[in-house]
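Q: Sequence:
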Amino acid sequence: MQYRIQFLESLLRAEFLFFMPPRTTLAFIVLTFAAVASLFVYVRSENVASSAIGTVPVAVSEATATPITRTDIVSAAVTAVTATTTHATFIVAEKEYTITVTQDKTVLDAMRALSAAGTFTFTGREYPGLGFFVDSIDGKKNAGGKYWVYYVNGVSATSGVSSQLVRTGDRIEWKYEKSY
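Here the sequence shown is numbered in our numbering, starting from 7 and rising by one per residue.
Since the hints were made in silico from the structure, they are not lab data.
Check each hint, because a few of them may be wrong.
What follows is a list of derived Cβ distance ranges for each label pair [to be verified]:
#1 T127 x G175: 32 to 38 Å
#2 A122 x K147: 20 to 26 Å
#3 R131 x T90: 30 to 36 Å
#4 G151 x T91: 35 to 41 Å
#5 Y153 x K101: 27 to 33 Å
With a straight-line Cα cutoff of 30 Å, these simulated BS3-like cross-link-like pairs (lysine-lysine) come out [unchecked claim]:
#6 K146 x K111
#7 K101 x K147
#8 K101 x K181
#9 K101 x K111
#10 K152 x K181
#11 K184 x K146
#12 K146 x K181
#13 K152 x K111
#14 K146 x K101
#15 K152 x K184
#16 K111 x K184
#17 K147 x K184
#18 K181 x K111
Using N, Cα and C, we set each Cβ at its ideal position, and we do this for glycine too.
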């Protein structure tokens with residue numbers, strides 16, 4: 007079933023997208039994305055954004071004048087996009103670790119960071135459509151009806167490690183226990 011969506015300003019565009027065959031719609035979206043990405047690359051390579059900035063006359067004495075250089079602009083831009091960090095506690099088999107990850111990272115991201123630091127090891131598998139499942143931690147495998155189960159702030163997690171975000175102050179604890 008096709009739907010006719012009408013917006014006063016974008017009637018033609020809405021009808022165009024919704025009445026195209028699915029493959030044509032997908033191709034249109036991909037080409038539009040490629041065009042926008044190309045424009046972004048062009049703007050960055052040509053530095054169009056900085057050349058579009060105009061000059062404003064300001065009365066400054068020569069003794070106090072300090073010119074703004076490209077480095078000042080770049081460092082200001084870098085400061086503006088610095089990601090905030092999240093501090094949380096990670097507990098595995100009664101060993102406690104303080105973790106620091108950038109905002110919007112998952113429990114799996116934190117585990118990989120701890121593993122890369124040589125703090126502990128884990129194995130697991132990615133299941134398409136379901137996410138990542140932990141098979142073992144520090145060499146102790148899921149077996150005999152016992153599994154690694156993780157808790158966030160004392161409550162058994164309701165989502166997988168690849169989708170559970172780490173928030174500041176979280177206590178993430180892994181327990182090896184019987185699962186029902």
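Q: Hint by hint, note whether the structure agrees.
A: Tested hints:
no. : hint                    : verdict
1   : T127 x G175: 32 to 38 Å : 26 Å, violated
2   : A122 x K147: 20 to 26 Å : 21 Å, holds
3   : R131 x T90: 30 to 36 Å  : 31 Å, holds
4   : G151 x T91: 35 to 41 Å  : 39 Å, holds
5   : Y153 x K101: 27 to 33 Å : 19 Å, violated
6   : K146 x K111             : 25 Å, holds
7   : K101 x K147             : 18 Å, holds
8   : K101 x K181             : 11 Å, holds
9   : K101 x K111             : 22 Å, holds
10  : K152 x K181             : 10 Å, holds
11  : K184 x K146             : 14 Å, holds
12  : K146 x K181             : 11 Å, holds
13  : K152 x K111             : 28 Å, holds
14  : K146 x K101             : 15 Å, holds
15  : K152 x K184             : 4 Å, holds
16  : K111 x K184             : 28 Å, holds
17  : K147 x K184             : 13 Å, holds
18  : K181 x K111             : 21 Å, holds
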